[in-house]
Every structure is written in C-alpha cells, then in structure tokens.
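Kindly generate the complete structure, drawing on both the sequences and the hints.
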Amino acid sequence: MSFWESFISYLLQGWVATLEILAISIPLSILLGLSLAVARVYGNWLISLIAGGFVALLRGLPLVVTLLIVFFALPKLGIYFSPFWAAVIAFIMCSGAYQSEYVRGAIRSIDVGQSLAAQALGMTKIQEVIYIILPQAFRRALPGITNEIIYLILYSSLAYLVGVQELFSIAKHFNSLQFRPIEIFSTTALIYAFMATIATLFFRKLENKLKIPGLETI
Amino acid sequence: MSDDIVLKVEDLHKNYGNVTVLKGVSFEVRRGETKIICGPSGSGKSTLLRCLNLITRPDKGRIWLEREEITNRNININKVRQKIGFVFQEFNLFNHLTALRNVSVGLEVVKKMNKDEARKIALEMLKKVGLEEHAHKYPAELSGGQKQRVAIARALAMNPAIIFYDEPTSALDPQLIGEVLEVMKALAREKVTSIVVTHEMGFALSVGDEMLFMYDGKIIERGIPQEVIQNPRCEEARRFFQRINELYVGKRR
Ligand SMILES: Nc1ncnc2c1ncn2[C@@H]1O[C@H](COP(=O)(O)OP(=O)(O)OP(=O)(O)O)[C@@H](O)[C@H]1O
Ligand SMILES: [Mg+2]
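So the sequence lines, in the order shown, correspond to chains B and E.
In terms of our numbering, the first sequence is residues 1 to 218.
In terms of our numbering, the second sequence is residues 1001 to 1253.
Derived by calculation from the structure, the hints in this document are not laboratory data.
Among the clues, some could well be false.
DSSO-like, lysine-lysine: derived pairs with alpha carbons at most 30 Å apart [what the hints assert, rightly or not]:
1) E/1060 with B/125
2) E/1115 with E/1191
3) E/1191 with B/211
4) E/1083 with E/1127
5) B/125 with E/1112
6) E/1120 with B/125
7) B/209 with E/1218
8) E/1127 with B/209
9) B/209 with E/1112
Put into structure tokens, the structure is as follows:
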C-alpha cells in the first residue's frame, strides 16, 4: 500500500471518531448551555448558585485540566468513563458553560414587557420561558453559540490526551511511524478547517432561517 | 355580591418600601361597564391595575373577580389572569411571533386549544380589530396603532371577564390614536367590560360609564365622565382637567 492510501484509510477512521464525539457533544452542549442559563436566571437562589458556580468553575479551568480530571481524578471517586465518554463529557461541560454566558446575556436583554404580557395571558413561568423568552433569547445568542461550537470542533482534538483514537491522535501516531509531518499535518489541518467551515455555513443558514424582522441578533 | 358585578375592589393598599402608592381604593365594575380612570402621573393608576391582576401583590384590601376572592392566598394566579385581558401602553407584543400567533399563543399554550381552533379564533379577533390582512406580519412590520390593535385582539381572544387598558394610546403618534380608540369604542358599545386608564377625554365622554379621578393613591372624585370633567368638585381635579384641556387644545392646533 502506498503512503497515501494507508494514511487516508487510517485518517478516515480517526475522522469518524471525531465526528462521533462532535455529533454527541454539539447538541448536548447547546442543551446544557440553555439549561444553565435558565437555571441561573430563573432558579431559586440555590439552583442559581449551583449553576453559576458550575459555570465559573468550568470557565476557570483550562479544558485540558477538566479533561484530565474527568478521566483520571473521577475514577478515584468511583466514577469511571471510557476515554471516549470522558472526552465527550468534558467537552459538553466546557462548551455548555461558555455557551450559557451568551444565552444568559440574551435572556437578560429581553424587554421585561415580554414577560409581563406572558403573565397577563395567564402563562406559568415555565410556559413563559419556553414559548416567549427562550425562542427570542436563542436567536440572539446564536452567533455566540456558533463561535463556541467552532471552538469545540477544534479542541475536540484534545481527546488524544486520554487516548481516544480520533483525527489528531491518528495523525500524530501515523507521523511517528512515517515521519512525513508536512503531508500528514497539513492534511489533518485541512480536515479541521473543512469541519469548521461547514459548521459556520450551517449555523449561518440556521440563523437566516430563524431570522425574524425586528429581532436582530446582537 | 350580585352577578352583575364583575370586579369589586375593597380598601386596596400598596406600599413600595416606605412609599405608600395606593391608600385605600374601593370601587366596583358592573358587567358591560366601561370604567375610566384618570389622574396625574404618579397617582397610582398603573399600580392599581397591576394589583388587580396580581402582577404585584397588594399589601392590604380585597379583590373579587366574578364572585371569587382573588386576594385569597390559595387562588391559582394564572387562572385569574386568564380572565383578565391586559393592554399595555407599550403594546408588548411577542416580538418573535406573527400577529396571528400573538393572538393564538395564549389559546394554545394557556387554554390548551388545538392549533386549528386557536388559529380560527385568532383570525376572527384580528378581523374584529381590522387587521386580518396583516395576520402574517411580525410586530416590527406593524405601525404602533396596528400593534396596539393586535394587543387588543390578543386580550380579547382569551374571552376575558374584563379588559384593563393602561394608557393604551399614550405611546402612539397623534395620527394613530384614532384607529385604536375606534376599536376600543366599538368594544365598549358591545358591552365588553373594561377599565380604561386614559387621558383621552373624548373617549371618556363618548363611552365611559363612570370616571374615577385618582390623586395621590386615592380616588378623590367619581361620577359620570361629563360631570367629573366639566364640573369637578375638588380643586385637584379641576386643575388636572384644565391642564389636560390646554394640552388637548394645544395638540389640535
Ligand atoms: N416597582 C416600583 N417600585 C417602587 N416604586 C414604584 C414602583 N412602581 C411604581 N412606583 C411608584 O409608585 C407611584 C405610582 O406609580 P404608577 O406607575 O402607579 O403611577 P401612574 O398613575 O400610573 O402614573 P403615570 O401616569 O405616569 O403612568 C410612583 O411614585 C412610582 O414612582
Ligand atoms: Mg401609569
């Protein structure tokens, strides 16, 4: 087998693993971001404190440290994850924490009149948040969320640290066997750039699809 | 309390910190009645309406809505609010929903009506305020007067026992006030029960059944609008209506 043939077939396996990580962590990080923001804004003091503390902690730790804690420290407490799931969980927590800041800001930016009108119709707080506040806040937070997703795509490569056979780790491994860094790493870089571009285009399309006159993003 | 009384308010008090904003307000609204409230800025009109639909809790006093005491602690606030339409000075239409969805969302979410039925009622209500052709537009695509008419349709759709209007035309350009007042007048003539906080004396005179003049947290004068406006007994009301009159004449010139 030529260098390129074996390289590409290896790399594709790694790419699939990376896509698996992303397919799980992107939607769940968005969900976590929304939940944390709602908990902070609408939760009672305890819930709000817990959510706020979680966000402050996750934003205060380098992602590498979070990842190593999940993989190496939690087992000491009896909580075990496979490398794959340790990476996914660390990415979800980190990205969710950052995303929640955008969502929280967006919720706070919504005029209090929206809430008054919802209450006046007889909506419960939960109905108000689901049907009135979040649809508007999500649209406003979307550009920020997109940014975080792009970061998530790029830093998914950190999963190599706990031994996940993903795109970057395969490239690194292959390079140690073949030592052709220019071909190997530039191809890898192209794939990351490709994923980031696709994500950017996708979220831009989503933004346009959700666009409502007078509800411009901030 | 007779069936004829939709809303009864007894000795309502409200403090913000150590400022007393409502100092014992009592009145009744009969079915089909249009009650006008006016008074200078800061006299407590908005606070009164907010207490009446329990957006703020009164500190003292009792309120009955259709024989049910809603100041009772065990009451389901959301159920109460379904029966009270509220039209805000600033419209407060839901920015992410079309005119139609603004009107139907309460029916779907709160009244659990199915989508088609809610849509049908919403269209009917928009027709009633003359906006069926704008049903698909978002709030940002509507003029102020159109927004306020959608807000009225939204309140009306819930089939409330009473509608509160808090200065519904104060945020509008003068040339847009008329279309909103026309809709409100038509509803008043259909005997939709309402409380209207407004300084539009023409409206008060043409459809108001009773006028309450508020001053410093109290109702200090009440009667049929014509008498209160033209022959107020107290000095505060006289001064107030004189100023309104000057502004009104000034605006028309
Ligand atoms: N949430 C609040 N906290 C503290 N003070 C308040 C609050 N809401 C209203 N007030 C005060 O209560 C008083 C009455 O206010 P309110 O808005 O009821 O008056 P209003 O008659 O509606 O006046 P306007 O004609 O300007 O709308 C004012 O002095 C106001 O500053
Ligand atoms: Mg007011």
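Here is how each hint holds up against the structure:
no., hint, result
1, E/1060 with B/125, "25 Å, holds"
2, E/1115 with E/1191, "29 Å, holds"
3, E/1191 with B/211, "41 Å, violated"
4, E/1083 with E/1127, "22 Å, holds"
5, B/125 with E/1112, "16 Å, holds"
6, E/1120 with B/125, "26 Å, holds"
7, B/209 with E/1218, "52 Å, violated"
8, E/1127 with B/209, "29 Å, holds"
9, B/209 with E/1112, "28 Å, holds"
Against the hints set out earlier in the document, violations occur for numbers 3 and 7.
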